[in-house]
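Participant: Each chain, letter by letter, is given below.
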Amino acid sequence: MTDSNSRKIRVLIAKPGLDGHDRGAKVVARALRDGGCEVIYTGIRQTPEMIAEAALQEDVDVVGLSILSGAHLELFPRVIEQLKKRGVDDVLLFCGGIIPDEDTKTLEALGFAAIFRPGTNTQDIVKFVYDHVPVHN
Amino acid sequence: MDDIVERFLRGDRRALARIISRVESQGAEGRGYLREIFPHSGKTHTIGITGGAGSGKSTLVGALATEYRKRGKTVGIIAVDPSSPFTLGAILGDRIRMQSLTLDDGVYIRSMASRGALGGLAPSINDVVAVMDAFGFDYVLIETVGAGQDEVEIAGTALTTILVNNPGTGDDIQAMKAGIIEIADILVVNKADHPGADALVGQLQALLSLSPPGMRRPPILKTIALKGEGLEAVADAVADHWAYLAESGELERQRAIDARHQVLSVARAILLARIQQAMPGDALDALVLRVADRQIDPHSAAEELANAVSR
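Read top to bottom, the protein sequences are chains D and C.
With my numbering applied, the first sequence corresponds to residues 62 to 198, in that order.
With my numbering applied, the second sequence corresponds to residues 879 to 1189, in that order.
For the record, the hints were derived by calculation from the structure and aren't laboratory data.
No incorrect hints appear here.
Some, not all, of what chain C presents toward chain D, calculated at C-beta under 7 Å: (1) R892; (2) T965; (3) L966; (4) A968; (5) I969; (6) G971; (7) T980; (8) I987; (9) S989.
Here a beta-carbon is modelled for each residue, glycine too, at the ideal position from N, C-alpha and C.
Same shape as in the complex, but just chain D (with noise of 0.2 Å):
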């Protein structure tokens, strides 16, 4: 067992828009739990406001995004400017679901680190918020 004192990784996985189809988000979820993460979970139809407001007060050090509904050139710019206006500004933030490769350059842009679509391996996921989160003392 680990240090129950050390710094806990703690992630945000949020579902924004209107498709409730939420396994993926808690396969994720909890994948992320038994790597050791502190996962929250808001549940499905979060508004980018909701997303933004949750993690300014949770203090997550990852935001991970789950979309189903192609809605996410509309919805994910909106959570990222909602973060931006609480000045959450140093967080990790990666996204999955049904995404087109199409639409990569845009969300990299954005600020997502990465996209994990259908079929990746959950251990990817893990490895990737380890190696990547921001460490701030």
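Start from chain D and add chain C according to the hints.
Facilitator: Only chain C this time, still in chain D's reference frame:
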């Protein structure tokens, strides 16, 4: 003074969030913040909400916070969920039941993992409560992990403890057992629209009628938290309990007991760390192996370990 502490005292929620993280990780930085912030605490009414897994604690916390908002009060919420005993990872899902409060700037919700603590809370819970208290919320609601029969720590952390019960979870012998039921200042029968709710109220009343004379009897209140029903009565009962605490002198007594408990529990942690430092890992491994092999008993081994500090 540290810039972040200054921002905290001005009411900056991001500073609050960051300071809680540092206090939670129990390092020198967090202790430094707490030293500056602690004198500002002690004004809030802290309310603990405990009960079994799935009893509706989170929903009740959300509904109670909503009731306080109607009354123009601000609310801080700390919701504890269990950490894995193996990986120390956790899923913190209490916010799901409190979504309507997310964008209310009179409410701040913080999820905490139990990080190996027994008793239904987290190792740094009292420090985090003090931080929320100092921030100036009128109420701080503390939700324990799903508690069974013996998770009574919450009574030492909150001034008022609400125990959430559900119909259909056992007969009257369950309610007669010692433990968690004894720490309740208010008993709530949630999911009161489910069959058996009135029978449970009857059992709880019968149980309380056996309390020794002169002991304060907690009120028994029915709620349907999911529909927001019965929460005015709960908020009123909390206010009554506060008045009782203040008038009876119990408030001062309780604060002194809690402070003693907190100091001793931190001292215990410091001493444990010193003991572990005094004996190098290899020696400790060898010592516990002797116990596992039944060469010495655990008490003698522990004494050997404790003596290593004074050497």
